[in-house]
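> Chains as they are written, first to last, in the working numbering: chain A, 1 to 142; chain B, 143 to 521.
Think of the hints as simulated: they come from the structure by calculation, not from any bench.
Derived, one-sided and incomplete: chain A residues facing chain B with beta-carbon distance under 7 Å: (1) L40; (2) S47; (3) S70; (4) I71; (5) V72; (6) R74; (7) S75; (8) F76; (9) T95; (10) G98; (11) N99; (12) D127.
As the structure is a computational prediction, the values presented were derived from the model and not from experiment.
For glycine and all other residues, C-beta sits at the position ideal for the given N, C-alpha and C.
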Amino acid sequence: MPEASETAALLPVVPFLKIPENGDPYLEGYKCGECGAVFLGERDVCSSCSTQGKLAGQPLSNHGELYVYSIVHRSFPGIEVPYVSAIVDLEGGGTVKGNLINIEPDPEKITMGMPIEVVYQTAPRKDAEGNEYLTYYFQPRS
Amino acid sequence: MSDVFILGVDMIKFGRFPDTPVPKIGAQAALMALEDAGLGIGDMEALYCGNLGQAGAMVGQRVLAEIGQTGIPVVNCANACATGATAFREGWMAIKAGIYDVVLAVGVEQMGKGLLGGGGGRKGIPTEGLLGSGTMPTVFAEAGMEHTRNYGTTFEQFAKVSVKNHHHSTMNPKAMYQIETPLETVMNAEMISYPNTKLMCSVNVDGSAAAVLVSERKLKEIGSNRAVKVRASVMTSDPYQERNLTMPDVNTCTQRAAAKAYEMAGVGPEDIDLVELHDCFATAEILHYGNLGLGKPEDAGRMIDEGETALGGRIPVNVSGGLLSKGHPLGATGIANIYEVSTHLRGEAGQRQVEGAKLGLTHVIGLGSACGIHILEKA
Numbered sequence: 001m002p003e004a005s006e007t008a009a010l011l012p013v014v015p016f017l018k019i020p021e022n023g024d025p026y027l028e029g030y031k032c033g034e035c036g037a038v039f040l041g042e043r044d045v046c047s048s049c050s051t052q053g054k055l056a057g058q059p060l061s062n063h064g065e066l067y068v069y070s071i072v073h074r075s076f077p078g079i080e081v082p083y084v085s086a087i088v089d090l091e092g093g094g095t096v097k098g099n100l101i102n103i104e105p106d107p108e109k110i111t112m113g114m115p116i117e118v119v120y121q122t123a124p125r126k127d128a129e130g131n132e133y134l135t136y137y138f139q140p141r142s
Numbered sequence: 143m144s145d146v147f148i149l150g151v152d153m154i155k156f157g158r159f160p161d162t163p164v165p166k167i168g169a170q171a172a173l174m175a176l177e178d179a180g181l182g183i184g185d186m187e188a189l190y191c192g193n194l195g196q197a198g199a200m201v202g203q204r205v206l207a208e209i210g211q212t213g214i215p216v217v218n219c220a221n222a223c224a225t226g227a228t229a230f231r232e233g234w235m236a237i238k239a240g241i242y243d244v245v246l247a248v249g250v251e252q253m254g255k256g257l258l259g260g261g262g263g264r265k266g267i268p269t270e271g272l273l274g275s276g277t278m279p280t281v282f283a284e285a286g287m288e289h290t291r292n293y294g295t296t297f298e299q300f301a302k303v304s305v306k307n308h309h310h311s312t313m314n315p316k317a318m319y320q321i322e323t324p325l326e327t328v329m330n331a332e333m334i335s336y337p338n339t340k341l342m343c344s345v346n347v348d349g350s351a352a353a354v355l356v357s358e359r360k361l362k363e364i365g366s367n368r369a370v371k372v373r374a375s376v377m378t379s380d381p382y383q384e385r386n387l388t389m390p391d392v393n394t395c396t397q398r399a400a401a402k403a404y405e406m407a408g409v410g411p412e413d414i415d416l417v418e419l420h421d422c423f424a425t426a427e428i429l430h431y432g433n434l435g436l437g438k439p440e441d442a443g444r445m446i447d448e449g450e451t452a453l454g455g456r457i458p459v460n461v462s463g464g465l466l467s468k469g470h471p472l473g474a475t476g477i478a479n480i481y482e483v484s485t486h487l488r489g490e491a492g493q494r495q496v497e498g499a500k501l502g503l504t505h506v507i508g509l510g511s512a513c514g515i516h517i518l519e520k521a
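Construct all of the structure, not just a fragment, from the sequences and the given hints.
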């Protein structure tokens, strides 16, 4: 993971990736105090139970398990393939989509339910204005 | 409330018409459906038009500009891949409510080629391939892998859906393709998003379909022995699910719509003779066997293995060739499947006729999500 002094200069790849000035980056969920539903990113109303004003932000776990995946062999021009598109259920709530790295893109090697950890890296691409981003990936956890 | 009947229904042969304006494509099916009904545009009291690609461009009014600007009310509908079914249902509701006795529903779409979907907006960093993939083949691959996770469904079983539907389309002259695709051809086709190969993705085509809906009173006045009764018309959206934010749920809204539709029609899945369901990808068809109650979810793989959903099987599914081979012009699909089922109920489906078909079901899913189900019966 990049040092805190380095990540501070990076933009978050999504609004729910938080980059504290002094501390490790994390994914932020908003949990409903009424029904317990967990959302990615800030919100005021719970779409599960419609309660207003009872949602609070909290760091999501960096540990979870692989729910499902697909191996993407054809994407838009300029995007390197193959890669593994994965949906991961985090411990304590929150489901996140991302690239699963450090694993062979082969259905024989990927097991649904396998333990996963979230890691943070500088994104290999910039935006149109040349800004650099911090992104998250999933990798197998032993 | 009046029963609602389909008096005329038709579709154009799906294909690629990049140089034809969208309203002209829609006008073709509109005229065909009117002819099938034995009526003219001057007889219509309202038009419900489904189109996604030009949702802000008054396609319905422009269809009328092609075939007759009679000044009737026009409602333009957009609801992703449920767009055509939504337009049809709006017409159904207006007659059901007693507002009109005869209306026209048109679905039309002109598609580009290539991948649909993808992640990231225009601002900031593009996220496709960085935070997974938002392409439609991937989204439905992941939905299929959930079935694999729960029930052990295999790549080969998903591929068999495509073999079946391509085979069916060889008997449908209005399908985009009439080509047999054996299992090894499907499985060895270019992998797009595992487990969906290129031949397991629906075909982007241009097309249109249209239907004339009438009240019971109007049907009696006109008289027809080819009318089809709309026994149920249902739409749902997807209720909250914990994985909604990352994984669109096409299952729950289908299960709920199916339950409501069977209740409205007073029938069960065992009474249905044929089904046209939303096989936007081969993986999707497998999910909907269980969602529509055609079998237990865990039996879906066995159902495709044993040919239960092929023409001649226990419950034929997508005998038109489905979106996989007939093609998927988004706004037209939800009326084209009503054309297909109606054609069987009328006994006019030729080589692919489901013998003795009395009740049929159509299903579409617009991702995001909208589910539309219609149950139709020979009147």
